[in-house]
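Protein chains in written order, with this note's numbering: chain P, 1 to 114; chain D, 1001 to 1110.
Any given hint might turn out to be false.
[Claimed, not checked] Derived DSBU-like pairs: lysine-lysine, alpha-carbon spacing no greater than 30 Å straight-line: (1) D:K1070 to D:K1051; (2) P:K62 to P:K51; (3) P:K27 to P:K51; (4) P:K44 to D:K1070; (5) P:K71 to D:K1070; (6) P:K71 to P:K44; (7) P:K44 to D:K1051; (8) P:K27 to P:K44; (9) P:K71 to P:K51.
In short, the hints are calculated from the structure, not lab data.
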Amino acid sequence: NAGVMQNPRHLVRRRGQEARLRCSPMKGHSHVYWYRQLPEEGLKFMVYLQKENIIDESGMPKERFSAEFPKEGPSILRIQQVVRGDSAAYFCASSPTIYNSPLHFGNGTRLTVT
Amino acid sequence: GQQLNQSPQSMFIQEGEDVSMNCTSSSIFNTWLWYKQDPGEGPVLLIALYKAGELTSNGRLTAQFGITRKDSFLNISASIPSDVGIYFCAGHNYGQNFVFGPGTRLSVLP
Chain P
1 NAGVMQNPRH
11 LVRRRGQEAR
21 LRCSPMKGHS
31 HVYWYRQLPE
41 EGLKFMVYLQ
51 KENIIDESGM
61 PKERFSAEFP
71 KEGPSILRIQ
81 QVVRGDSAAY
91 FCASSPTIYN
101 SPLHFGNGTR
111 LTVT
Chain D
1001 GQQLNQSPQS
1011 MFIQEGEDVS
1021 MNCTSSSIFN
1031 TWLWYKQDPG
1041 EGPVLLIALY
1051 KAGELTSNGR
1061 LTAQFGITRK
1071 DSFLNISASI
1081 PSDVGIYFCA
1091 GHNYGQNFVF
1101 GPGTRLSVLP
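Input sequences plus hints: build the corresponding full structure.
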């Protein structure tokens, strides 16, 4: 009965390093969404993926950020050459391929860039 | 793009009081969702609404899908300390992305 699993829960990176955030959706879910949240702010949409396809990446910065959801394995959000402004909580959510099914969220990865 | 407004932005209430908050949009949605986020955790789904006019309860929580399909309301009765958190509404149309409101921050005073 596992929910959406994200790891790591906390990630510290120095400026210029790469950050890799992983998300395993709930069993039976084939849609994955990534959101970013700054302290005291709401959820900002980044990207929506289905298996092997990016459906909507309109919220993702054009540079340094990429996401994938391979046929096998978790979805990965990758941030290259991190900067201090990338420090935030990154949440993954999943849903099944059923009309209007709600999103189920993981507990997030808190990225700190030093 | 589509945007949701939530009011109030924050509220401080006494334990035992009832709470009302709402979510409005300039666009029509086919689904309204309410989530609660505790500090350091991910949002948890509270109630999902699928039909205009629908009124749904989950324990002390009651939510309604506005008849115009452009708004939704969430009520919490007899608040308790563990109700503290951020409440987010979200609207959705099939084939489109989920749109989240900025949240209502609830504090409960003992």
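Structure versus earlier hints - violations, ascending order:
5
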